[in-house]
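**Student:** As a plain string of letters, each chain reads:
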Amino acid sequence: MNWESWEAFWAMGGYGLYVWGSFGVTLLCIVGEVWLLRRHRLQTWQRLKRMKSWETQ
Amino acid sequence: MNLYYYASPSTFYPLAGRLIPWFAALALILTVVGLYISFFLAPTDFQQGEGYRIIFIHVPAAWMSMFIYVVMAFWSAIGLAWNTRLSFVMARALAPTGAMFTFVALWTGAFWGKPMWGAWWVWDARLTSELILLFLYVGVMALQAAIDDPRRADRAGALLNLVGVVNVPIIYFSVKWWNTLHQGSSVSLTGAPSMARIMLWGMLIMALAAWMYTIAVALVRARSLVLERERQTDWARTLLEGKP
Chain B
1 MNWESWEAFW AMGGYGLYVW GSFGVTLLCI VGEVWLLRRH RLQTWQRLKR MKSWETQ
Chain S
1 MNLYYYASPS TFYPLAGRLI PWFAALALIL TVVGLYISFF LAPTDFQQGE GYRIIFIHVP
61 AAWMSMFIYV VMAFWSAIGL AWNTRLSFVM ARALAPTGAM FTFVALWTGA FWGKPMWGAW
121 WVWDARLTSE LILLFLYVGV MALQAAIDDP RRADRAGALL NLVGVVNVPI IYFSVKWWNT
181 LHQGSSVSLT GAPSMARIML WGMLIMALAA WMYTIAVALV RARSLVLERE RQTDWARTLL
241 EGKP
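Just so you know, the sequences run in chain order B and S.
In terms of our numbering, the first sequence has 52 at position 52, counting the first letter as 1, and numbering is strictly consecutive.
In terms of our numbering, the second sequence has 84 at position 84, counting the first letter as 1, and numbering is strictly consecutive.
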């Protein structure tokens with residue numbers, strides 16, 4: 001086991017800012033991409049559905 | 001196996017839909033295992049202390065940034081040669097994720113560089129060529145977005161894609177060809193890796209997780225693109241009656 005306490009884990013031996021700055025921004029990027037993708041998919045679906053309803057009118 | 005069967009949009013769409021949850025689940029499991037190795041199993045580095053743990057995302061992200069570009073160029077070449085619709089869709093679907101990993105590689109590199117080198121950024125061959133890769137991704141996406149006709153957009157983007165692939169070997173070999181501040185590779189295709197086995201496993205599992213993630217999100221994006229392009233066909237029209 002590397003860590004004696006939670007404080008030690010978050011401090012990362014003095015590299016906390018750099019380690020968590022890296023992992024945190026990566027997490028944000030992934031969450032952001034998944035969120036944008038989900039929104040894009042729903043918007044595309046609704047737009048195509050609207051276009052289809054105009055065509056059949 | 002008939003590849004043309006799977007290349008048909010009406011087959012691809014439902015097939016991709018069934019595959020996505022599996023790739024997403026694999027990505028999640030591998031990430032959990034990879035993070036556990038990164039923080040709890042891998043020992044403290046004797047030179048870089050705990051700061052080295054950044055490599056568990058930096059290296060896989062940098063690998064992905066190059067792999068994805070090569071895969072995009074592959075699909076672009078296939079699309080240009082045989083005019084297969086799905087190839088262009090795949091190339092397009094990969095671009096945003098490739099750009100994301102390139103950004104992550106640069107960002108985590110800066111956060112590693114500051115404590116280890118004393119600088120967030122240096123104009124070193126490795127860093128500069130990786131920055132150019134980011135511009136190439138953005139360039140391909142911007143070019144395709146700027147052209148209204150999707151078929152012309154596909155072709156223009158594919159061409160830029162293929163021209164830009166020359167940058168990938170430059171990134172890869174930059175640490176050999178020039179005197180860079182960036183260290184040489186610790187893992188190479190030939191020869192034993194110069195790092196502890198458990199660290200290598202952590203990196204490989206994180207890279208595999210990144211692959212699974214990339215496949216999952218690229219398939220989601222490809223499905224939206226396919227649906228948009230096939231909206232006039234019977235299968236797409238029937239599908240649009242239901243829920244997304």
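Mixed in with the good hints, there may be bad ones.
[Said to hold, decoys possible] Computed, partial: chain B to chain S, Cβ under 7 Å: (1) 18; (2) 27; (3) 42; (4) 43.
[To be verified] Here are the simulated BS3-like pairs of lysine-lysine, each with C-alpha atoms no more than 25 Å apart in a straight line: (5) 176(S) / 243(S); (6) 243(S) / 49(B); (7) 52(B) / 114(S).
Keep in mind the hints are simulated off the structure, nothing from the lab.
Note that the Cβ used here is the ideal one computed from N, Cα and C, for glycine as well.
**Student:** Against this structure, judge whether each hint is valid.
**Tutor:** Hints, verified against the model:
Against a cut-off of 7 Å between C-beta atoms, the interface hint on residue 18(B) holds, since the closest Cβ of chain S lies about 5 Å away. At a threshold of 7 Å, the smallest CB-CB gap from residue 27(B) to chain S is about 10 Å, leaving the interface hint violated. This hint holds: residue 42(B) has a C-beta 6 Å from the nearest C-beta of chain S, less than the 7 Å allowed. About 9 Å separates the beta-carbon of residue 43(B) from the nearest beta-carbon of chain S, more than 7 Å, and the hint is not met.
As the CA atoms of residue 176(S) and residue 243(S) are separated by approximately 53 Å, the hinted pair breaks the 25 Å bound. Distance hint between residue 243(S) and residue 49(B) is fulfilled; the C-alpha atoms sit about 10 Å from each other, no more than 25 Å. Using a Cα cut-off of 25 Å, the hinted pair residue 52(B) and residue 114(S) is violated, with the two alpha carbons roughly 54 Å apart.
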